[in-house]
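**Student:** If you read the sequences in order, they're chains U and G. For the first sequence, the positions run 1 to 433 when our numbering is used. For the second sequence, the positions run 1 to 180 when our numbering is used.
Think of the hints as simulated: they come from the structure by calculation, not from any bench. All figures in this text were calculated on a predicted structure; none of them were measured in a lab. C-beta atoms are modelled at their ideal positions from N, C-alpha and C, and glycine is treated no differently.
Here are a few chain G residues that sit away from chain U, every Cβ distance over 10 Å (derived from the structure):
(1) L14
(2) W120
(3) P132
Listed next, the stretches of chain G that the computed footprint assigns to chain U, with coverage defined by at least 3 CB atoms under 8 Å from CB atoms of chain U:
(4) 30-37
(5) 65-77
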Amino acid sequence: MSAPIMGLVAFAAMLVLIGLRVPVAVAMGVIGAVGGLVLNGADSVGFILGSSPFQAVFPYGLSVIPLFVMMGVFAAHAGLSRGLYDAVGAFIGHLRGGLAMATVGSCAAFGAICGSSLATAATMCRVAMPEMRRRGYNDSLSSATIAAGGTLGVLIPPSVIAVIYALLTEQSIGKMFAASMIPGVLAALLYMAAIAVQTRLNPRLAPAGDHVGWGERVRAVLRVWQVALLFVVVIGGIYVGWFSPTEAAAIGAFGAFALALAKGAMNLKVFKACLSETASTSGMIFMILIGTELFNYFIETTTLPQLLVHYVTDLGWPPLAMVLMIVVFYVILGCFMDALSMILLTLPFVYPLALSLGLDPIWFGVLIISVVEIGLITPPVGMNLFVIIATSPGLSIGTISRGVLPFLAADATRVALIIAFPALSLWLPSMIE
Amino acid sequence: MSLLSQITRLAHRLSRWFAWSGVIVLMAGVCITTADVALRKTINFSIPGTVDITQLTVMVCAFTAIPYAFATQGHVAVAILTERLSSAGQLVAQLWAALLSAGLMAAVTWYGSDTALREWSYGDMSLTIGIPKIWYWLPLVVGSALSTLVCVLAAARHFAALFCGASTAELPAATAMTAE
Numbered sequence: 001m002s003a004p005i006m007g008l009v010a011f012a013a014m015l016v017l018i019g020l021r022v023p024v025a026v027a028m029g030v031i032g033a034v035g036g037l038v039l040n041g042a043d044s045v046g047f048i049l050g051s052s053p054f055q056a057v058f059p060y061g062l063s064v065i066p067l068f069v070m071m072g073v074f075a076a077h078a079g080l081s082r083g084l085y086d087a088v089g090a091f092i093g094h095l096r097g098g099l100a101m102a103t104v105g106s107c108a109a110f111g112a113i114c115g116s117s118l119a120t121a122a123t124m125c126r127v128a129m130p131e132m133r134r135r136g137y138n139d140s141l142s143s144a145t146i147a148a149g150g151t152l153g154v155l156i157p158p159s160v161i162a163v164i165y166a167l168l169t170e171q172s173i174g175k176m177f178a179a180s181m182i183p184g185v186l187a188a189l190l191y192m193a194a195i196a197v198q199t200r201l202n203p204r205l206a207p208a209g210d211h212v213g214w215g216e217r218v219r220a221v222l223r224v225w226q227v228a229l230l231f232v233v234v235i236g237g238i239y240v241g242w243f244s245p246t247e248a249a250a251i252g253a254f255g256a257f258a259l260a261l262a263k264g265a266m267n268l269k270v271f272k273a274c275l276s277e278t279a280s281t282s283g284m285i286f287m288i289l290i291g292t293e294l295f296n297y298f299i300e301t302t303t304l305p306q307l308l309v310h311y312v313t314d315l316g317w318p319p320l321a322m323v324l325m326i327v328v329f330y331v332i333l334g335c336f337m338d339a340l341s342m343i344l345l346t347l348p349f350v351y352p353l354a355l356s357l358g359l360d361p362i363w364f365g366v367l368i369i370s371v372v373e374i375g376l377i378t379p380p381v382g383m384n385l386f387v388i389i390a391t392s393p394g395l396s397i398g399t400i401s402r403g404v405l406p407f408l409a410a411d412a413t414r415v416a417l418i419i420a421f422p423a424l425s426l427w428l429p430s431m432i433e
Numbered sequence: 001m002s003l004l005s006q007i008t009r010l011a012h013r014l015s016r017w018f019a020w021s022g023v024i025v026l027m028a029g030v031c032i033t034t035a036d037v038a039l040r041k042t043i044n045f046s047i048p049g050t051v052d053i054t055q056l057t058v059m060v061c062a063f064t065a066i067p068y069a070f071a072t073q074g075h076v077a078v079a080i081l082t083e084r085l086s087s088a089g090q091l092v093a094q095l096w097a098a099l100l101s102a103g104l105m106a107a108v109t110w111y112g113s114d115t116a117l118r119e120w121s122y123g124d125m126s127l128t129i130g131i132p133k134i135w136y137w138l139p140l141v142v143g144s145a146l147s148t149l150v151c152v153l154a155a156a157r158h159f160a161a162l163f164c165g166a167s168t169a170e171l172p173a174a175t176a177m178t179a180e
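Model the full assembly from the supplied sequences, consistent with the hints where possible.
**Tutor:** In structure tokens form, the structure reads like this:
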């Protein structure tokens, strides 16, 4: 059996293992190790098993991952979500569907200090879902709004997935953050538009709220000035070159912890919960990175990625057709896999292909992140859907799945705009020296 | 409570304390980095070796967190196919997942220890402030060993449930992870 065929068989075997509920990281690691053993012998695998797990964690650039995770966890427990929700709601809560739009707005604001989609969805769900239910909002609209809003945590910087993409493809983290800023805001606006259209077509979905005076609006905004400060310091600091992404993440984690303390939200029980959550998420991410390192080593020795690139370029399809094919591939894969695993699993094949097509790596990264983000709200394994069901008693998967359809249309529009107008993601990075 | 249950509880508790201490070490790294930036921006003084220290704290945090993620079903897995199986089928899948996890982590422990000992014998040190490299390797070796233990215990529990009819309900599942 030739090496590339062996690579294909190994890839298929890995998908089988994942289908059998083997953790994605373990499936990648085991296939990488066994494949390496067959292809390169015991000595080579021994060396890789002895060095890859270290190399998957040790590089200084990777330090940013647990630090942003920690920042998000402290932010989620600092009680900031209520203030953000009230502040955005004060401005648009009086509109029909305004509370749902406020949910999207506050998810975007929360995503600006929390790089995790699940944390954003779970945190905002605790605040927004009871409030929308109390005001007579339709459950399907409410739950789907939070699920879709939660995905903004992945796109709006700081995003853990954007960091991982940047590190794996040796791109600037600062440029990735800058590139995803406008698409992130665009996503929030399109979600709000989706809500506006739905409530216009069916006013029973969401009643209009009470008008709030300017005095109350100003007070609501002033209550969350710390969130804006934290975002400006962390992202602005990277953007203008005050400090490195790792330093920015450390300052962000420190700031979020200080905020939680200042708001009186931090006691021993909450602190232990923060420790557990940070450990669990960081452990999961680093284990996937270790599995990826082992798998990538093997798959590169099979020369399968290069062969795939040659095959696809020989087809002679125009780059746009290839991009659309990649998008469709990720949307389908997103129905069954989580965003991080999807990116790590496919990047060794897809990234060289993108380079061979002459695509901009930063633009491609934003596109990929935008597309895998869709997988967070597509059944049957849309993780945001399950987070919301778990925190909202009486909510069924059918109810929330029906509600996400208009948001999927908004996502499709956004992806189309990013493809049609690359400047949406490339203009801000071009301003960074 | 059976001996297996008691040992599993102990291992899970150990992994929790281990993970918590790892995150606290990372928090110490956060404080040092923040202080370094603040001092650099205000009085143009840099704390020596901040990069070395940050890398060490991240190594500690990562490898103390991995066994905890195994113990708390934190590792991402796709349950969409296996949840359609009978309970015996699901136990087989969980046993299989736990065995593969244990095998991989045992191999990482074995070969990692080997490399760590070699680095120790060479007397390798970090670039800036000369922290012995063995300190970076220790969390890897200990964390991988603890992960192996957690996964072996999970496999034993699933095996007992499958072939001896023992209940798995009295303990949190260690390797029955789901995508949700």
